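Just so you know, the protein sequences line up as chains A and B, in that order.
Following our numbering, the numbering of the first sequence begins with 4 at its first residue and continues without gaps.
Following our numbering, the numbering of the second sequence begins with 4 at its first residue and continues without gaps.
Note that these hints are calculated values from the structure, not bench results.
Owing to the predicted nature of the structure, the values given are computational and were not obtained by experimental measurement.
Zero decoy hints are in this set.
Since the list gives no way to pick out one identical chain from another, each pair is judged satisfied if it fits inside one copy or across any two copies.
List time: in silico DSS-like cross-link candidates among lysine-lysine, alpha-carbon distance up to 30 Å:
{"no.": "1", "residue 1": "278", "residue 2": "22"}
{"no.": "2", "residue 1": "595", "residue 2": "22"}
{"no.": "3", "residue 1": "504", "residue 2": "119"}
{"no.": "4", "residue 1": "84", "residue 2": "68"}
{"no.": "5", "residue 1": "119", "residue 2": "68"}
Protein chains: 2
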Amino acid sequence: MVKRYLSLITFDEALHILKTSFAVPGRTECVSVTRSLGRVIATPVYAHYSVPEVNISAMDGIAVKSRDTIGASDQTPVTLKEFARVNTGNIVPPQFDAVIMIEDTWEAEDTFQIRKAAAPWQHVRPAGEDIREGRLVLPTGHQVRAFDIGALATFGIADLNARTAHIGIIPTGSELVPLGVRPAPGQVVESNTVMAQVLLEAMGAHCTRQSIVRDDPDLIQEALRTAAQENDLVIISAGSSAGTRDYTAGAIGAVGELLFHGVAVKPGKPMMLGKIRGKPVIGLPGYPLAAQTVLREFVVPLLEYWGLAPVPKYSVNVKLATPLSSDLGFDEFVPVSVGRIGTRYWGMARSRGTVVQMSTVRSNGYTHIPAPVEGYDAEHDLEVFLTTDPANIERTLIFSGAIDPILEELGNIAHDQGLFIHTGSAGNTGAILSLKRNSCHAAPMSLPAFSLMQDCRFIQPYLTSMDLVFVNIASQEQGIASVKEISPDALDEVCWINSRKDTPARILFDALLSSHNLTPSRIRGYDNEVATPGAVAAAIRAGQADAGICSKGLAESHDLLFLPVAEEQYELVMRREMLNDPRIVTLISLVKSPEFRAHLDRSGAYCTTQTGRIRSLSSDNIEIRIPPACNPLNNS
Amino acid sequence: MVKRYLSLITFDEALHILKTSFAVPGRTECVSVTRSLGRVIATPVYAHYSVPEVNISAMDGIAVKSRDTIGASDQTPVTLKEFARVNTGNIVPPQFDAVIMIEDTWEAEDTFQIRKAAAPWQHVRPAGEDIREGRLVLPTGHQVRAFDIGALATFGIADLNARTAHIGIIPTGSELVPLGVRPAPGQVVESNTVMAQVLLEAMGAHCTRQSIVRDDPDLIQEALRTAAQENDLVIISAGSSAGTRDYTAGAIGAVGELLFHGVAVKPGKPMMLGKIRGKPVIGLPGYPLAAQTVLREFVVPLLEYWGLAPVPKYSVNVKLATPLSSDLGFDEFVPVSVGRIGTRYWGMARSRGTVVQMSTVRSNGYTHIPAPVEGYDAEHDLEVFLTTDPANIERTLIFSGAIDPILEELGNIAHDQGLFIHTGSAGNTGAILSLKRNSCHAAPMSLPAFSLMQDCRFIQPYLTSMDLVFVNIASQEQGIASVKEISPDALDEVCWINSRKDTPARILFDALLSSHNLTPSRIRGYDNEVATPGAVAAAIRAGQADAGICSKGLAESHDLLFLPVAEEQYELVMRREMLNDPRIVTLISLVKSPEFRAHLDRSGAYCTTQTGRIRSLSSDNIEIRIPPACNPLNNS
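Only chain A is shown next, with the shape it has when bound in the complex (with noise of 0.2 Å):
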């Protein structure tokens, strides 16, 4: 029952194979000029008629014969006998060659003065001089913008022909549910296929999704025929893996021809093509991130090439904030998190985790690692492809450090000033490095308290390059998590989770035991390290552990039993030209807010009496001065 892919084919074959295996199908629609917003033009577009179809008016005042205006002056001016009372845009009367503002006559009874000839068609807009009956207003292939929608309803254009593409989409997985559904456990809501239809029915496409089918290779071959047999294409999401329900290779075969199963690319790689009834069948991965890479690297650029509305492209070109691997021979696309640090961008890779799609929503855009490169290093200049408007790039803060829950109810706070603070998780170790390469705009640190900051190891050997200064949070006990009660004399009978060399909970969790007259060996569990508290408290929750050290905040958002040990300052640690970064400025007002502190004392696991504090080694308060925001939503 073991199935393997067959070998993959590479990232510009498997394009290649798509765009040249199929017909363009070419179909168009008729649709209401009011519903065109972004469609593309399939037939080319005339004016009905000219616009102004008669001379009319450019002014209010009076049509008049221009040689009867001949040698009117101040000194002799001339009484007009014919002419018309005309408002901006009434026709000219034919006989009438001029037009006067009415700020420049005088009215008499039934005729009006004039001190200054008028020339020859002064103030008349001639017919057709916008646009000539029969000429082009919009091209094929042109896309509709709000603006020229205001032109074809001038022109009396009401519909015109789009173009678009018909794409059935089926569904499979006996696990899966639809939206709506609260799934159970060992269930999942069927969210590839909902995500697919909004992208390309953005494009100008009409989806047509059919329900879940369940892992059966018949119902699958008859979906299968449906949907080709009613569409341009077809798009089966899931069962293209290599398990023992990974039916939709087998079907495809089956009712037509699978041309190819597997492609370098990850996200991505169980993709797989095929033909029936010469429609081109896309098998799209059921992990949600190779969902997305296939659509975005593979579909769209079919419907592109099928002439259908483009998706919008920016790219930024950025420094690597830390160092990013790839897989040799594999086109990998990687999501990023993009901010301005001082004059430079800076992109921080996120996880890769084809499963974690909130790596997507908390990323504003993605890179894309050729197949023959195996990484990069920090520094390493990269092209970004933006998933938001690139305006937002400059509103986003880039934090490296430890990520506390709390942060989260920052981001909120901020994001509605418009800040977008996107944050990467590192150690003090890492954090600290981020602060010298000047890659993050603050790094979120738990510290020792502050009298006792210059004895920290973290700090001290940083402290004579950068001057860093201290924004403080919060503070919160940090303590041991655990599922079941601990006592602290038995330690050593229950097994740990435990943190990387140099973290504060490592240091914590060494210092406990030694008061304990324990050693790491007698500690079931202690070279199991994870990266980060959030990872310590994931653990026991998730039952790989009895118990870690992390802070109250953490083990309280993790229905974690809370013993505490110690207390840590929570900081935002920033070079201290930062504090001349308006969005800073704004992020520190915000930290300082009631609001914010609400939230803090609300959660129950914060200390909140120095929060909003800024110091440094030297200084041991600093004073920033926060003019009235500056964001119009803070107005209201």
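Go by the hints and put chain B onto chain A.
Just chain B, lined up with the frame of chain A:
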């Protein structure tokens, strides 16, 4: 009855009053996730449950207890009796803590043999790996993207609260007919509010457009009262100038308060702002380009300030192709066409006639000239805001010269190949200057027969300084266009319209007069100059003159009679280095294409024997290699 604007207020002042005089409505609505693309989140979205909810398998294989696998190797295989067969996504039963890939097992009856120990938690996705119950998915202010929708669906979020605003739109004007009704002469299709609705609904607003209100103060007041009652913002279109039937300002004043009337913005001067029931009422000028400017520069920023979805705004720095004047004291907005020539971006300003909607349709951007600026010289550095996808700039070709109607057909064919031709009208001297400045890709020119070109006084002075090539489009007859028949022996009996000095049409006219022994002083209208051959034909069509010199094509497209006088070549003149630009190679292949030739032949106004021939003054025939077209649409 003469009304004038109150003193104009500045652009910045008007924006400030608009933003600060009204409460932010803060209106929200519940939308289905499947219809939430591009919408702005009004209430933070939190996960309803953890994803995954329990530990699940990340691979197809068997779930095992890792401690059972200790010691397994090729030499000492271990046979497992306690296991569960799992596929990717299946629940890992609580008694197991690892998954072994099916490829790494050997099945035998009811057991599996393994040859390598499993690390605890290998290939297990812990509960909450993607997101934990109650954690923030999307913060307030986030604009929903297609791939966010996948995550929302996965997390069981079927609808969300999005920001919106209710906008009441009132079209006014007795001369208006609704879209779908053919306007009689002097009538106009009401299009400004159609455009407004499309533009603002794309931001997430809901617009209610009233029926057209005729120019009656009572009806307008009633419409304003209703709209202000039901909406957060009222837009009233037209009636904002100073004509006898411009009742809008008065009506606002009668029902509420008029805050200002008239801004120092062009186009857009008659804009007004009022307040009714505490709601903003924006008076949109009737002229389409003025309405566009007020929508884009005032209404869109107000809605963005209210938190609705921003309209993307991308800018590019260009060199100005031709001088651009501006009124001191007015913030001016000018449509621009941007293209890349060599390594430089050039911007060609387009017509600013406030009624010529085609100048917006034909442009791909616009520039903002601040109030204190009187204008810019050619080659000035200019910021242009794009109205198309930035990728389209690369596909834009700028032509500056004599614009014959056949270029529209070439433009339409080129558009299908991904090339957008933007044309700017210029006389031969202007065209030559553009070539010298290298600010156009090609200059379409009407020139004397090629054999005579060495003697041609337009070209000759530049022969030594530029290496020009001439791509023949067609030859065409030049002659006398008129509404009524003209006798060549009675040229002094009709009224003429003339072209500017140094244009081929002017020279031909002079030669024609001279051959009939006529002096300009004997010709009525000789001094009536217009800028382009198209304007000559339009002027005759509009009855401004009886006759003029233009091409057979222009005469026919304006339904004029035509009396041939001489034959000219219509050539695309360009620098020789342009032949290396792949876009120009594609363009030339289109000029040579049977499709384009068929268009020329069908029109009847052109002779195509030399169409597509490329020459320079030193070589009578230049061959260029046209590779198979690179555009994908061509492969279909």
